Structure formats: C-alpha cells, structure tokens
Amino acid sequence: ETGVTQTPRHLVMGMTNKKSLKCEQHLGHNAMYWYKQSAKKPLELMFVYSLEERVENNSVPSRFSPECPNSSHLFLHLHTLQPEDSALYLCASSQLGDRVYEQYFGPGTRLTVT
Amino acid sequence: GQSLEQPSEVTAVEGAIVQINCTYQTSGFYGLSWYQQHDGGAPTFLSYNALDGLEETGRFSSFLSRSDSYGYLLLQELQMKDSASYFCAVRAHAGNMLTFGGGTRLMVKP
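Protein chains in written order, with our numbering: chain A, 1 to 114; chain B, 1 to 110.
The set of hints was computed from the structure by calculation and includes no laboratory data. Bear in mind that the values here come from a model prediction, so they are computed numbers and not experimental data. Virtual Cβ for every residue (Gly too), placed ideally from N, Cα, C. Treat the hints with caution; some may be incorrect.
As the list claims (entries may be wrong) - From the derived model, a few chain B residues whose C-beta atoms are all more than 10 Å from chain A:
| no. | residue |
| --- | --- |
| 1 | Val10 |
| 2 | Glu14 |
| 3 | Gly15 |
| 4 | Asn21 |
| 5 | Gly28 |
| 6 | Gly41 |
| 7 | Thr44 |
| 8 | Asp52 |
| 9 | Glu56 |
| 10 | Met80 |
Unchecked claim - Partial chain B-side listing against chain A, Cβ under 10 Å, derived:
| no. | residue |
| --- | --- |
| 11 | Leu4 |
| 12 | Ser8 |
| 13 | Ala12 |
| 14 | Thr26 |
| 15 | Tyr30 |
| 16 | Ser33 |
| 17 | Phe60 |
| 18 | Phe63 |
| 19 | Phe87 |
| 20 | Arg91 |
| 21 | Val108 |
| 22 | Pro110 |
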C-alpha cells in the first residue's frame, strides 16, 4: 500500500449506530487530519493530530471522536449521527512545519446517515 | 476568522489558457496552496506560494500578491483531463492547519 488509504470507502448508517472510519498513511508523515467535504461547501478541517497532540475545530459536534494511536493511523469514531452529517470524510497527512501546506489526501469515505 | 473567495465555475476550451482567482481575508498569512480534485477523487497538491510572484510547474503556474491578499492559478494548454475542481487554501498561522476556499469547477470543452 502506498500513500494514504481509507476504509471503508462507503458507509451507510442509521442515527443510532456506532461506526468508525480508519485512515492509514504510508508516507512517514508526522501530522494527520480529518476533513469533511459537503456539497457546495468548502473543505472543513475537523481535527489535526501532530506529535500526539490534537487540535480541533470547535464547531465539530461531540458525536465525532478522533483517535490517533500512532503517527501512521487515524480513526474517526461516529455515534448518534444526524442526516446533515452525510458527507465525504477525507483523511490527509503531511510533514510538520513548513511542509504543512503540502497535504496528501486519501480517497475518502462517503458517509450516508439515514 | 478566515475566508477565501473563488469563482464557483469556469469554462474554457481545449488548448486555451485559464486563470482561477482566489482572494483571502485571514488573521495571518504564511502561504497559499492550490489543490486539484477530480470527481470522485481525492484532492491532490499542485503548488504553494509563500512569497510574492509567480511559481511555474509545467503547464500550471501560481501567483501571489500578499499586499492585495490575492492569488491565482494559471493553467496553460488546457487538456480535457484538466476538468476538475480547484481549491485554494491558506495557511493562516504557524500551526498545522489550512483553510480551504469553496473550490472552482473547471470544465474544459473540445
């Protein structure tokens, strides 16, 4: 595997379900990100992990919970989601510091909440 | 907060040159990036400008004017495969975050 991989690619879940999205990067980067991409909206940064430190967008609801066990793996745990959470969830990675502008994205998980 | 403005859609013909503009209002500024995203694909990094001027990478060039809070992506010798969405993104501070614009959908016609 090369680059940034995400599983699953598609997910349909009910509002009472609990599921997790997985991301893995094979680039030796030390920062990982979760983004939400909705139709007709800018790419929205949800969480950043770097050197085991987490930075989050304060507007992200608590029903989204990230986990970063090491520099290569990132999870997004989902529970009691709402239909408006349906979107493409993208994972990305980069080096820290001056290379943060060059982020490498995974193919995304297309999430549908019913 | 941070805001970036891009045109939502641009249409051009194969072989032509097209310019996609991006204006930004941010509390700080460290640089402007450009990304390309094909339908159903992941965003891919194209270029980065931290200083004023033009950066050229093959058929694509990116320009920045920090005094005008403005940049653009220039695509030359357009090909059908250039049909995609293009996003500008600002690194507004020394941290690890980028703020993205809403994207410009480029349609290249024969």
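Next on the checklist: The hint names B:Arg91 as touching chain A; please verify it with the least Cβ-Cβ distance against 10 Å.
Outcome noted: With Cβ-Cβ at 5 Å, under 10 Å, it holds.
Checklist entry - Taking C-beta pairs only, is B:Glu14 more than 10 Å away from all of chain A? => result holds, 27 Å
Item to check | Restraint satisfaction for B:Phe63 [CB to CB of chain A, less than 10 Å] | outcome: violated, 16 Å
Item to check | Residue hint B:Val108, partner chain A, criterion CB-CB below 10 Å | outcome: Hint on B:Val108: violated, closest Cβ of chain A at ~21 Å, above 10 Å.
Checklist entry - Is it correct that the beta-carbon of B:Met80 has no partner in chain A closer than or equal to 10 Å? => result holds, 22 Å
Checklist entry - Can we trust that B:Asp52 is non-interface, i.e. its beta-carbon lies farther than 10 Å from all of chain A? => result holds, 16 Å
Next on the checklist: Restraint: B:Ser8 near chain A, CB-CB cut 10 Å. Satisfied or not?
Outcome noted: holds, 8 Å
Checklist entry - Hint check: is the beta carbon of B:Ser33 less than 10 Å from a beta carbon of chain A? => result holds, 5 Å
Next on the checklist: B:Leu4 was flagged as interface toward chain A. Is the shortest Cβ-Cβ separation under 10 Å?
Outcome noted: Because about 7 Å separates B:Leu4 from the closest Cβ in chain A, which is inside the 10 Å limit, the hint holds.
Checklist entry - Taking C-beta pairs only, is B:Gly15 more than 10 Å away from all of chain A? => result holds, 29 Å
Checklist entry - Close enough to count: is the Cβ of B:Pro110 nearer than 10 Å to one in chain A? => result Since the shortest Cβ distance to chain A is 27 Å, the answer is violated.
Checklist entry - Does B:Phe60 meet its interface restraint, that is, does its C-beta lie within less than 10 Å of any C-beta in chain A? => result This hint is violated: B:Phe60 lies away from chain A, its Cβ roughly 15 Å from the closest one there, beyond 10 Å.
Of the numbered hints listed earlier, those contradicted by the structure are 6, 7, 13, 14, 17, 18, 21 and 22.
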